[in-house]
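Participant: With these hints in hand, go ahead and build the complete structure from the sequences.
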Amino acid sequence: MTTAAVGAPGSVRRSLHSLWLLSARDLRVRYSTSALGYLWSVLDPLVMTGIYWFVFTQVFHRSVGEDPYIVFLITALLPWVWFNSAVTDFTKAFKKDARLVRSTAIPRWIWVNRIVLSKGIEFLFALPVLALFAVFGGAQVSWALLAFPLAVLLQSTLLIGLGLIVAPLCVMFGDLERTTRLVLRALFYASPIIYGVGNLPGAFADIAAFNPLAGIFTLYRVGFFPDQWDPLTVVVGAAVSLGILTVGLIVFPRLERPVLKEL
0 MTTAAVGAPG SVRRSLHSLW LLSARDLRVR YSTSALGYLW SVLDPLVMTG IYWFVFTQVF
60 HRSVGEDPYI VFLITALLPW VWFNSAVTDF TKAFKKDARL VRSTAIPRWI WVNRIVLSKG
120 IEFLFALPVL ALFAVFGGAQ VSWALLAFPL AVLLQSTLLI GLGLIVAPLC VMFGDLERTT
180 RLVLRALFYA SPIIYGVGNL PGAFADIAAF NPLAGIFTLY RVGFFPDQWD PLTVVVGAAV
240 SLGILTVGLI VFPRLERPVL KEL
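Residues in the sequence shown are numbered from 0 upward in steps of one, following numbering that gives the first Met the number 0.
Just so you know, the hints here were simulated from the structure itself, not pulled from any lab data.
Ideal Cβ positions, reconstructed from N, Cα and C, are used throughout, including at glycine.
Hints are not guaranteed to be accurate.
Stated by the list, open to error - Cβ pair distances, simulated, as ranges:
(1) Lys-260 - Val-58: 51 to 59 Å
(2) Ala-97 - Leu-131: 18 to 26 Å
(3) Leu-144 - Phe-172: 25 to 33 Å
Said to hold, decoys possible - Taking lysine-lysine and the PhoX-like style, the derived pairs with C-alpha atoms no more than 25 Å apart in a straight line are:
(4) Lys-260 - Lys-94
(5) Lys-95 - Lys-260
(6) Lys-260 - Lys-91
Facilitator: Here it is as structure tokens:
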């Protein structure tokens, strides 16, 4: 491929081309080594959805969420899988390809953002499953479904910011990788996935607004469940996501050199 096609070294076009190549490589490696291939993109959230649906509708009489509950679950579980898998991979974003990170001129931020892009593509691949559940589950769709792309944009913003912070710190502090996994486990239950923000009592609903995932999941759900709309949660969540991105953009350049010394 010619230089004109991919852009001059250091140009935005060249950087975006490198980002796409690395993201596509991640997807090829994941799918080429598995007999199920694409199905793995949907199997994890499907199994999780099935388990929680069975527990909260067949075993216990739930008092949270909305009907159809399986659609309520999957509208948050799909983006959660994107978030969880991306943050988990951030912890080894540099260590996994240490030799390439040290020896190539590819901007280091690309090694982080390729994870956001590749996991985001897997999320998009899984959306037909949501559509099928919505149709066969009898979910009502409103114009608020137009907020769905905004949710994707906000989640991408949040993940980019987190990646720019988590990836270099995990190189410098080895124990942070395990700590991140523990935090993710706690965050699953602290986020409105099996319940809605409105199900939280008293001050907990206001506190939940500072979890950026609460606002993001609200935007994913509001097209199917209008009563989930909570402007405070969405606005605060968007502000926190932008704040995390800002911190990441400030911190990452300062940590690049120490990271290269550790690799």
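Participant: Given the hint that Lys-260 pairs with Lys-94, does the C-alpha gap stay at or below 25 Å?
Facilitator: Distance ~12 Å between Lys-260 and Lys-94 Cα, so the pair holds.
Participant: Using the Cβ atoms, figure out if Leu-144 sits within 25 to 33 Å of Phe-172.
Facilitator: violated, 42 Å
Participant: Please verify whether Lys-260 and Lys-91 have alpha carbons no more than 25 Å apart.
Facilitator: holds, 16 Å
Participant: Does 51 to 59 Å hold as the CB distance between Lys-260 and Val-58, or does it fail?
Facilitator: holds, 53 Å
Participant: Does Lys-260 lie within 25 Å of Lys-95 when you go C-alpha to C-alpha?
Facilitator: Status holds; Cα separation ~15 Å.
Participant: In this structure, is the beta-carbon distance linking Ala-97 and Leu-131 contained in 18 to 26 Å?
Facilitator: violated, 41 Å
Checked against the numbered hints above, the structure violates hints 2 and 3; every other hint is satisfied.
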